[in-house]
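**Student:** Given chain A, work out where chain B should sit, using these hints.
Protein chains: 2
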Amino acid sequence: MDDQQLADSLTTILDGRWGAVRRRLRGHDDPTQFGPPDEPMSMEEHRAHTTSQLLAITREDFARAGLTRGMGGTGDIGASVTAFEMLGHGDLSLLVKAGVQFGLFGGAIANLGTERHHTAYLPGMLDGSLLGCFAMTETGHGSNVQHLETTATHDAETDELVIHSPTPGSRKDYIGNAARDGRMAAVFAQLITADGEGHGVHCVLVPIRDEDGNPMPGVTIGDCGAKGGLPGVDNGRLAFDRVRVPRENLLDRYGSIASDGTYSSPIDSTSRRFFTMLGTLVRGRLSVAGGAGAATRSALTLATRYALHRRQFAAPGSDEELTLMSYRAHQRKLLPAIAKSYALMLAQNELVEMMHDVAVQEGEAPEDRQRELEARAAGIKAVATRHATDTIQMCREACGGAGYMADNRLTGLKADTDVFTTFEGDNTVLMQLVAKGLLTEFQESFEDNSPLAMITFASRFTASSILERTPAAGLISKLIARAPSSDEDGAERHRGRQVALFVDREKHLLEGVALRLSKAAKAEPDVAFRIFNNAQDHLIRAAEAHIDRVLLEALCAAVERCEDGPAKELLDDVTDLFAESTIEANRGWYQEHGRLTARAAKGVIRDVGELCDSLAPRARVLVDAFAIPDAWLGAPQLLEPLPESRPEPLPEPLPESRP
Amino acid sequence: MDDQQLADSLTTILDGRWGAVRRRLRGHDDPTQFGPPDEPMSMEEHRAHTTSQLLAITREDFARAGLTRGMGGTGDIGASVTAFEMLGHGDLSLLVKAGVQFGLFGGAIANLGTERHHTAYLPGMLDGSLLGCFAMTETGHGSNVQHLETTATHDAETDELVIHSPTPGSRKDYIGNAARDGRMAAVFAQLITADGEGHGVHCVLVPIRDEDGNPMPGVTIGDCGAKGGLPGVDNGRLAFDRVRVPRENLLDRYGSIASDGTYSSPIDSTSRRFFTMLGTLVRGRLSVAGGAGAATRSALTLATRYALHRRQFAAPGSDEELTLMSYRAHQRKLLPAIAKSYALMLAQNELVEMMHDVAVQEGEAPEDRQRELEARAAGIKAVATRHATDTIQMCREACGGAGYMADNRLTGLKADTDVFTTFEGDNTVLMQLVAKGLLTEFQESFEDNSPLAMITFASRFTASSILERTPAAGLISKLIARAPSSDEDGAERHRGRQVALFVDREKHLLEGVALRLSKAAKAEPDVAFRIFNNAQDHLIRAAEAHIDRVLLEALCAAVERCEDGPAKELLDDVTDLFAESTIEANRGWYQEHGRLTARAAKGVIRDVGELCDSLAPRARVLVDAFAIPDAWLGAPQLLEPLPESRPEPLPEPLPESRP
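From first to last, the protein sequence lines stand for chains A and B. When the letters of the first sequence are read in order and numbered with the numbering used here, they come out as residues 1416 to 2074. When the letters of the second sequence are read in order and numbered with the numbering used here, they come out as residues 1416 to 2074.
Extracted from the complex, chain A is given alone in its bound form (with noise of 0.2 Å):
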């Protein structure tokens, strides 16, 4: 089998389930539809090109793939993210754009309105010709959006809703497609009606300019102008004076007012019916984790060429000089992130099969199975998006002052994936959720984040059977049956010890949470919160540590699948590096709780340096196997080393020059 087909039997493993997704966008006929622009443009240009980009993107049939059949879609949701994650290959602000006006806009339609709204914007909405915007984040509150205080006023007099900023804090912020593009709004807001009552946030569809682009009667909106990335993508700022909507506006799927005034819903609890909402959102948190993947392997493509070939320093006794991937330090650099993006691809794949089972059975689906879902997704999203934010970096370093060109794109990656880690929920909240999630077993609702809500959730925490919601239950049980019990040396590489000690960490993790939170809920509030507030690490950590099991058993999973040869060798050995380099970063953790003997502890970094040493000749098959065509990475500079020689002989005689 020769490097070629290695790669290509990997990528088929990567690829998943929708690989033919991936393998028609490869081959697209014009790969530059989707790719940043060739020269630098001013951000007004810039926003143009994306637009017009995201209007060329609505002939694809991607996003009709994320409607059900009921709504004039496809029904075909994984083909849709995957799609979706594919266009982390090209301009993010493409990727952003795309992922308000489809995921978000068009999310919110689908998932929060009923067929009058299905009917009346979603064709618009796949057409392009509504353009419209999430408006969620206010100024004011952006974690914590239970408390948003936009308000919707039922005026039983018209029969409309009076949408309305009563603060500074209130106007919605960063909105993508606000500041140029957007006709129309899924504004959330506090609903009350006519009798005074609040019935918690909904969400509203308010038209923010006429036909002509002008602001509509009593909305102002604002342009964020520039950001740290993401230039293509015009967010801006929405503030509502008191601006009247048909009460039919109203996205009424978990809430409706009926002609006569009065609310019903089929959720009794106000918080619980408004995290369900939220929950319905989950394909966002998911699109950014892909996208996030997509920039990664893109960044760490480009860095391992160019190690491959950039070369500095001559080893003794030789006057050639080696290559960067020679030097363990660059090695320890650039391996154990390729081996991280295999298993985020390997679980994102396994999210999206996940979320696409859970939408295809529509309501059927368990309801903890649904919170399952968005524990996973907003863990992945978190723990992507900080791969992402870290690797895109250390690419760029690895790459010194070529990584530093615009031309070399990894600037640009990182730029624009920056705020990947803030927005679709900030990584430190949804860590937290995550471990909530795993304290209360997916019984409570999901998205309520409050210091309050964690104590006393997880004060009902049972420790039972963490293990047993996993895809590859049975043969992760059965790998840490077979795990060797003493400090034996080479005992590190098994796979079984591996396990056992990433599922040992999130139980041990966990269950102290627990412990601790179960105290504050008997304490008194002052007391309560600074008990939170002392685990407020842990929390974090239990739910690192859950993710990290999590992708392991994704890399162990795709292990088992592969049938005997070298592909399933070199998979073995990328999940050796992922394992092993894991429990390297936490080996603090694990001799403090008596897990690895300092002897242990010393031999993991020692095997991380033995594997970086032997996978390192194989690291252009561990990038190749991503399958980024060239054309689609750009930077020939990095991908490729520079003629040996000036391509055209110097004239002779010497030109002479005297200054």
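In case anyone wonders, no lab produced these hints; they're calculated from the structure. One should not assume that every hint holds.
As the list claims (entries may be wrong) - Calculated pairs, EDC-like style, for lysine to aspartate or glutamate (alpha carbon to alpha carbon, straight line, at most 16 Å):
no.	chain 1	residue 1	chain 2	residue 2
1	B	K2017	A	D1952
2	A	K2017	B	D1423
3	B	K1748	A	E1782
Stated by the list, open to error - Here are the computed distance ranges between Cβ atoms for each label pair:
no.	chain 1	residue 1	chain 2	residue 2	range
4	B	A1535	A	D1638	31 to 37 Å
5	A	H1724	B	P1899	51 to 57 Å
6	A	L1470	B	D1638	29 to 35 Å
7	B	D1638	A	D1625	41 to 47 Å
8	B	H2008	A	D1979	37 to 43 Å
9	B	T1677	A	S1733	55 to 61 Å
10	B	S1457	A	L1470	23 to 29 Å
11	A	E1626	B	D1638	57 to 63 Å
12	A	M1456	B	G1980	53 to 59 Å
13	B	A1641	A	D1418	33 to 39 Å
14	A	S2029	B	G1980	54 to 60 Å
15	B	P1899	A	P1899	35 to 41 Å
16	A	R1945	B	D2045	32 to 38 Å
17	A	D1638	B	D1638	28 to 34 Å
All figures in this text were calculated on a predicted structure; none of them were measured in a lab. C-beta: ideal position from N, C-alpha, C; glycine also.
**Tutor:** Using the frame of chain A, we list chain B on its own:
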């Protein structure tokens, strides 16, 4: 003592010996003279803006202060470097452009040239009538500068030097001031006498543009175009096609060609000569470290001010939302980074004093003192720029969506400082040099970073007086002597124990590396490289441990200098937080090497949490002590909370707006 007085006391400590320079600049009539543009600009506009700022600051006296009296300066080197550091609070494009002009181009003429060069070029360098480049890096050689390919061949017939770029990889790359403004370049090239003999890399002044700004004959100038940041710096590429300059353009302090064509130098060894030349340029690294420090303090001030007014989620039993700074996860992001910034600022001050004193002694300073300065500058540069990249990124994330808005400055600070980890020496390379310097106790030339040099020099290591060469040596020994010997509770915050743990880690790592590398010295070449490569990570870890110790000592010395009172107490807590959080970060190592029990390691984690808790209410004082004027910081959205209510009451009755 109120908070402002307390902050002022800390400012005096942090400002150091050249505090007067800092105070004068803080009160500068026109702060915008150094600041970023108010409006978004295209790259070309930004370049023009930066150039005009550069010309404006030639009227300040700090570039002149950087030259000795003999060269037409005032010889207050410390003042010059301190003023440069303060530019780091402004537009970093100006900082870098000024660094290229005064530090690199001016520094090359001053330190590598002789009187005729000083007379001819320094006045124009100072007043900006001669804008210049520092043309060292080539496309093919960045870190391994000893192997640059550009040639400077003496033509005995015409008594000229012929500057030539023989290969595509030999073109000068990323050169500041080259794309737009530079008239002359200090070009580093292999000097070859007419007899064909090579004498290693020397520096030659080469005019690159004529009076009208057109490239000189034989000079090809390219534009690097857009970069990840620093839009105001015109980085470019220079290729020379047998360009002729008079022999006198050789900067000949360390090597000259006589009129008869013979070469002579005060230093016999080619490589030693080159590294001596490089050593004179130490001020560049020190200035990058200073600029990085200033930018980091700006970012920390912005993120801390935001964390003190931004509220999200209520505590149990309360309706009022808590500030971000109330949360442990947020405290743990900001406070240890503030403590490290204190340590770095104090260590930077020590370094500036050291450099000032060595420079003022001129030639009389012992050679190992110069080498030590080079090692210290390399280490502080690497650690300060790593801290800048990590901390500014963290600050961006800690400000959520607001942190991503360009107006709020954090993304610009991140993008502009990003390349600091690369230029003036790649950090990974620099940290190896630091370790090598420690192993050879500064008896060998400093800059040679080849694996062979590392191995050879390390094999002569004698683990002697690691502690002796430190400004605070007496204090440190005293502190260690007082350390508790047992693993008793509360021991972790004891200063002597902290210092002992730092020193121990450095010593053990260095001895381990020396042992490994000395084996390599006796081995066959291919085995030797393998041993070196296995030790490369240890080499870098040893350097980190060294700089950690330098930082802790700088803090200890500052506490010692304080008069008893609230400022001393607060600085003492900051020192504890720096020490404990550094030990926490390395707790895996401490346990592996039997320096901390599992129980003690857990105690360190708990202690960091408690220190964060007790320092959080002082966070404002801690950043106010950086004394950065609000007008320089910009980003009012981060500095102050939004007004409580809409500034103007809404008109009644409601304006009706029916879409």
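**Student:** If a hint holds in the structure, say so; if it does not, say that too.
**Tutor:** Against the structure, the hints:
1. B:K2017 to A:D1952: Given pair K2017 (chain B), D1952 (chain A) holds - Cα atoms ~13 Å apart, limit 16 Å.
2. A:K2017 to B:D1423: This hinted pair is violated, its Cα atoms lying about 47 Å apart.
3. B:K1748 to A:E1782: Distance of about 36 Å is beyond 16 Å: violated.
4. B:A1535 to A:D1638: 31 to 37 Å: Cβ of A1535 (chain B) to Cβ of D1638 (chain A): about 52 Å, so the range 31 to 37 Å is violated.
5. A:H1724 to B:P1899: 51 to 57 Å: holds, 55 Å
6. A:L1470 to B:D1638: 29 to 35 Å: The hinted range 29 to 35 Å holds for L1470 (chain A) and D1638 (chain B), with Cβ atoms some 33 Å apart.
7. B:D1638 to A:D1625: 41 to 47 Å: holds, 44 Å
8. B:H2008 to A:D1979: 37 to 43 Å: holds, 42 Å
9. B:T1677 to A:S1733: 55 to 61 Å: Given a distance of about 33 Å, which is not inside 55 to 61 Å, the answer is violated.
10. B:S1457 to A:L1470: 23 to 29 Å: holds, 27 Å
11. A:E1626 to B:D1638: 57 to 63 Å: violated, 44 Å
12. A:M1456 to B:G1980: 53 to 59 Å: holds, 57 Å
13. B:A1641 to A:D1418: 33 to 39 Å: holds, 35 Å
14. A:S2029 to B:G1980: 54 to 60 Å: About 59 Å separates the Cβ atoms of S2029 (chain A) and G1980 (chain B), which means 54 to 60 Å holds.
15. B:P1899 to A:P1899: 35 to 41 Å: Since the Cβ atoms of P1899 (chain B) and P1899 (chain A) sit about 39 Å apart, the hinted range of 35 to 41 Å holds.
16. A:R1945 to B:D2045: 32 to 38 Å: Given range 32 to 38 Å: holds, Cβ gap about 33 Å.
17. A:D1638 to B:D1638: 28 to 34 Å: For D1638 (chain B) against D1638 (chain A), whose Cβ atoms are near 30 Å apart, the range 28 to 34 Å holds.
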